[in-house]
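Student: Keeping their order, the protein sequence lines are chains D and V. Residue 280 in our numbering sits at position 280 of the first sequence, and the numbers go up by one each step. In our numbering, each number is its position in the second sequence, counted from 1, plus 1000.
It is worth saying that the hints were derived from the structure and are not from the lab. Just so we're clear, the structure is a prediction, and the values are computed from it rather than from any experiment. Be aware that one or more of the hints could be misleading.
To be verified - Dumping the calculated DSBU-like pairs for lysine-lysine here, alpha-carbon to alpha-carbon at most 35 Å:
1. D:Lys150 x V:Lys1129
2. D:Lys251 x D:Lys204
3. D:Lys228 x V:Lys1070
4. D:Lys76 x D:Lys251
5. D:Lys204 x V:Lys1070
6. V:Lys1188 x V:Lys1096
7. V:Lys1129 x D:Lys204
8. D:Lys334 x V:Lys1070
9. V:Lys1129 x D:Lys251
10. D:Lys195 x V:Lys1070
11. V:Lys1178 x V:Lys1106
12. D:Lys164 x V:Lys1129
13. V:Lys1129 x D:Lys244
14. D:Lys153 x V:Lys1129
15. D:Lys256 x V:Lys1129
16. D:Lys210 x V:Lys1199
17. D:Lys153 x D:Lys244
18. D:Lys56 x D:Lys273
19. D:Lys210 x V:Lys1070
20. V:Lys1070 x D:Lys76
21. D:Lys333 x D:Lys256
22. V:Lys1194 x V:Lys1096
23. D:Lys228 x D:Lys256
24. V:Lys1070 x D:Lys164
25. D:Lys333 x V:Lys1070
26. V:Lys1188 x V:Lys1099
27. D:Lys228 x V:Lys1129
Said to hold, decoys possible - Ranges of calculated distance between the beta carbons of each label pair, as one might list FRET restraints:
28. D:Asn114 x V:Asn1115: 38 to 44 Å
29. D:Gly59 x V:Asn1102: 54 to 60 Å
30. D:Lys153 x V:Ser1144: 21 to 27 Å
31. V:Glu1061 x D:Ser130: 38 to 44 Å
32. D:Glu110 x V:Thr1267: 53 to 59 Å
33. D:Glu288 x V:Tyr1032: 45 to 51 Å
34. V:Glu1061 x D:Lys153: 36 to 42 Å
35. D:Gly35 x V:Pro1146: 52 to 58 Å
36. V:Tyr1032 x D:Glu198: 53 to 59 Å
37. V:Ile1059 x D:Lys76: 24 to 30 Å
Built from N, CA and C at the ideal position, the CB exists for glycine as well.
Residues per chain, in single letters:
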Amino acid sequence: MKEKNILVVAVLGIVLACGLYFAFSTRSERSFKNGEVNVLNWTSYIPDDVISDFEKEFGIRVNYGTYSSNEELLAKLSSSNEGAYDLVFPSDYMVELLIQRGMLEKMDKERLRNFSNIDSLFLNQDYDSSNEYSLPFLLAYAELIYDASKIRKPISSYRDLINKDYRNNIILINDQRIIIGSALLATGAEMNSVKDEELEMALKFFEELKPNIKAFDSDSPKTFLITKEAEIGLIWNAEATLAKNENPNLKTVFPKEGFAISMDNYCIPKNSKNRANAYRLIDFLLREDISARIVEEYPYISPNNGLISENEAEIQEILENGSYVENVGVDIKKLDRLWARFK
Amino acid sequence: MKKRVKPSLFRAVVTLPAIIYCLGLILLPILYVFFLSFLTSDSYGGYTYDFTLNNYVEIFEPTYIVMFLKSSAIALLVTFLTLLISYPFAIFLMDKTEKKQNFLIKLVMIPFLTNSLIRTFGWVILLRKNGLINTGLMSTGLISSPLALMYNTFGIVIGLTYTLLPFMILPVYSAVSKVDRNLISAAKDLGASKWKVFKEVYLPLTLSGAFNGSLMVFIPAIGYFFIADILGGGKVMIIGDLIRNQFLSARNWPFGAALSIFLLLFTLLLLKLYRKIGGRLDELGGGI
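Chain V on its own, in the form it takes in the complex (with noise of 0.2 Å):
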């Protein structure tokens, strides 16, 4: 008897933090997100206690809309230029020994050690007017006049792809490492070309890592506001800094929160999805 008891005391012991973590510092704090999302606000930066649903009316507003629809776009671009760049990466990783794999594998992951918001300033120093590659080009004679690189939605989608590109690179080299190598020399014995063994036999197998990726990255992409202000100018409002705004400029925090609710319950919805087309929630984890 002692010794069935253990176990579950021990587990129950080792288990806790992570429960008070869950509940004190995730569940909580959404909870008070969602109960502010349907107060009045004072336009003092406080708000009394009118219950309404004008928060999430205000919402469907034009304006908001179009930016809602502007801030997609830009995310879905950057999902799928990740897309791009990640399947050929993750393929050409198959043909190493496993070493290499592991070697170039870490080095996607290097860039989490310096803080997001330098490696951003650090591309400032790139594609500015008289940044590095304007001059350069510059200095070749290739171009007359500087490109205009950044302050533009061009600057905010390297950015976030930049950014977001390991949480793509994971997911999808997961995927593609547990594709049967077998199929792969049956495919090409059988005269398929690179194509399409990337066609007929990768992609319907890496599907769902492929979705498991593209949620990773357009989330944070629609909410990054730091890189849309330091590449883009500010001058491309996304939907992080619409939320940003009501908090710290528009005094409107219960409109602030019932827009998080908002982005939330879509997120629960491309979740949906992923489960539909056959993914499974464990794999969200991160992949490795």
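Just chain D, with the same shape it has in the complex (with noise of 0.2 Å):
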């Protein structure tokens, strides 16, 4: 009995110390001699061979923690030291949000050889309207995606998808500020009005909607197209690009009645410890180079002009028809209510 401890004991022991040298070995071979730089961001939205050909470059050693959700990222912040993170990539609402509770520092362009690069159509946004705290990242919007070799009348607006032909056929990004405001545009509301009546339209066009829906999944909705489990969907533009790679059948559109639209932006945290590396880094992703190998992965519109000069007009368009997800206040509470309903 008593070798047979030893035994495991040693086997732990074989498996602890290889897992920590393979979680220490790739990163101490290389010197990081220039410090650090913490990052805070989305989930799969920067590839990694990207941070790491930063780090090679500059000598700067990149931490890097993910998030899911806008209130996440707030939660970490508000819960963590001051100058705890030196990056961060709020969307347009809670960059007005942070700008309100003073949570960060001024964005100081001269700073930024490469803040040419960005598209003046994606600045002075309302949410930080002369961009003093925040530039440009990425633009996402939502729109339509339907299989047109099994959906033969084309859909091209919200109301289209309440048809009793499309039983369990329509996958929805599980958010609920962008599902309640897409059933508001379709009822011919704003797509962030609070008002009880219009709510309640919101609500009843929902439940028409209801048998049709197959799930909500914010993750992978792609993977429905693709196996055709739906063959409908919502969902962010650059996971409609990857299901339309995958199939050639799928066909995108923006519903006439509106659709939202998010802008993830670079953001320095209040106190940050790191910023001149903060900087650095932001020049960096600001490069054409760069920014194509990343919308090559994660297929959103880079505000880089470099990248958008023959779609210029669509983003313009784009960016006109799309709403914003605005701050609502205690309203919230409404919407969360409604969401309990609605689900």
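Combine the two chains into a complex, taking the hints into account.
Tutor: This is the structure in structure tokens:
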């Protein structure tokens, strides 16, 4: 029995040693003579090799953490010590909120050689009207997508989704603001409305739609469309593009009642300790070749003017017709209750 | 004298980590959540120190009550299904040699070695429209169009039953194995059918084990939101979802805290019920 125990301990020890070796070896081989930078970003947003190329080129170690919602980012920022993070990527409404709460440093554009790479279309958005605290990183929009080989009647509006033939056939983003917002748009209201009558209308629309919904999924809605589990979706554009690459029968449309857009931004949290390195990383990510690598893997829209030349008109249209999620203050409780009733 | 001091000192030293663990990592967070549940949300993810009972009043809004009932109904069904599987399994084990019993119980434990999230995704591969079960059934011609096995309540029930089954099997097995074998032989000699042996002998003697398992299945079953999200397609909200949403999307931590405390009180109530029917708290540690 005793020998057995020794054996178990030995095996565990070896496993642990190997784990520690692999965890630290790749990093310690390289020297990070220029310090570090603490980054907090969305999950799957910047390819790993882009980060390791930055580490190699600048000798700066990147400590990379992730979050999966703006609220999670807010929670992480408020609960950690000031200066724990040097670069974060909040969306539009969260930028506004972080500015209001005094949680961001001003953005010094002079320090960014590649600032001029940002197309002016993307600057001066409502949530930070003169880009004092934020600079655009990527733009996303929610669009309708359907398998044209199966869905014969072309879809062009949210209303088209209400059809008895589409039972259990629609995949939606699992995001309460976007889905409630789209239901509001479908009934002719504003996406950010919190008026009781309009919310009731949205609920009615949603109840009609409900039997057609296959699932809510934000992690990988494209899988549903690729495996033909669902033939219609309301999903983010990058997911839609990736799905189209796999299944050429898929068609995307901008819903004619309007749609949600979301801009993620570079922001430096208050009292960041490695500000110089944060600027270096932003500057690196703003380079055209690097931006191109990012959107190749995660096909959102990059504000890099070298990358948008051909579809500038389309992007202008997206920015004009799309709506950002806005902060609604205490009325968020109403939306939460509505969401519980939705489901 | 010296000899007496030493063991108690020794005991103090070895129990210290456990005490620190219980105080620091269990009691303190619960106290924090309790305190938080009386504060007012500023709707920006923070809170102000205006003490209020509103968070508790809000729980009783019809929308949330309906959800609470739905979630409890699913959890009850799951509890019932795990009981239905565990009893025959435990009684079946009684006829086996000790070695075989140990082996079979180990098989029950093996799934614990992998992450439950990964196991849940395994079910997706089996249950989806063009998954193994549907394609299998369709190729044999038993069905002509795929069955809706997931992205509904059915999928959630399968996932929860599967994940929580070991928590029922262990206490039920432990209770069943304590039943005096002579009673079973006597019942059989007197002509009792298998069903009668179960109903008249096993069941009354193992009730506390069954209740113990039911607690350990029911409580996680109202909270495991990841199973509801993956196998239910996020269409059915369970209480765990609602609590998570308060922290991650509605930015209403005090309400989330109040819901958690409410759930805790609910659990304590169930524990009280358990003691009333004769269960012992020290048996809740997992059976064997």
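Student: None of the hints should be skipped; say for each whether it holds.
Tutor: Structure-based check of all given hints:
| no. | hint | in the structure |
| --- | --- | --- |
| 1 | D:Lys150 x V:Lys1129 | 16 Å, holds |
| 2 | D:Lys251 x D:Lys204 | 28 Å, holds |
| 3 | D:Lys228 x V:Lys1070 | 30 Å, holds |
| 4 | D:Lys76 x D:Lys251 | 38 Å, violated |
| 5 | D:Lys204 x V:Lys1070 | 21 Å, holds |
| 6 | V:Lys1188 x V:Lys1096 | 18 Å, holds |
| 7 | V:Lys1129 x D:Lys204 | 29 Å, holds |
| 8 | D:Lys334 x V:Lys1070 | 21 Å, holds |
| 9 | V:Lys1129 x D:Lys251 | 22 Å, holds |
| 10 | D:Lys195 x V:Lys1070 | 28 Å, holds |
| 11 | V:Lys1178 x V:Lys1106 | 19 Å, holds |
| 12 | D:Lys164 x V:Lys1129 | 19 Å, holds |
| 13 | V:Lys1129 x D:Lys244 | 20 Å, holds |
| 14 | D:Lys153 x V:Lys1129 | 23 Å, holds |
| 15 | D:Lys256 x V:Lys1129 | 31 Å, holds |
| 16 | D:Lys210 x V:Lys1199 | 44 Å, violated |
| 17 | D:Lys153 x D:Lys244 | 19 Å, holds |
| 18 | D:Lys56 x D:Lys273 | 21 Å, holds |
| 19 | D:Lys210 x V:Lys1070 | 17 Å, holds |
| 20 | V:Lys1070 x D:Lys76 | 32 Å, holds |
| 21 | D:Lys333 x D:Lys256 | 29 Å, holds |
| 22 | V:Lys1194 x V:Lys1096 | 17 Å, holds |
| 23 | D:Lys228 x D:Lys256 | 25 Å, holds |
| 24 | V:Lys1070 x D:Lys164 | 26 Å, holds |
| 25 | D:Lys333 x V:Lys1070 | 21 Å, holds |
| 26 | V:Lys1188 x V:Lys1099 | 25 Å, holds |
| 27 | D:Lys228 x V:Lys1129 | 8 Å, holds |
| 28 | D:Asn114 x V:Asn1115: 38 to 44 Å | 41 Å, holds |
| 29 | D:Gly59 x V:Asn1102: 54 to 60 Å | 57 Å, holds |
| 30 | D:Lys153 x V:Ser1144: 21 to 27 Å | 25 Å, holds |
| 31 | V:Glu1061 x D:Ser130: 38 to 44 Å | 42 Å, holds |
| 32 | D:Glu110 x V:Thr1267: 53 to 59 Å | 58 Å, holds |
| 33 | D:Glu288 x V:Tyr1032: 45 to 51 Å | 48 Å, holds |
| 34 | V:Glu1061 x D:Lys153: 36 to 42 Å | 40 Å, holds |
| 35 | D:Gly35 x V:Pro1146: 52 to 58 Å | 56 Å, holds |
| 36 | V:Tyr1032 x D:Glu198: 53 to 59 Å | 38 Å, violated |
| 37 | V:Ile1059 x D:Lys76: 24 to 30 Å | 27 Å, holds |
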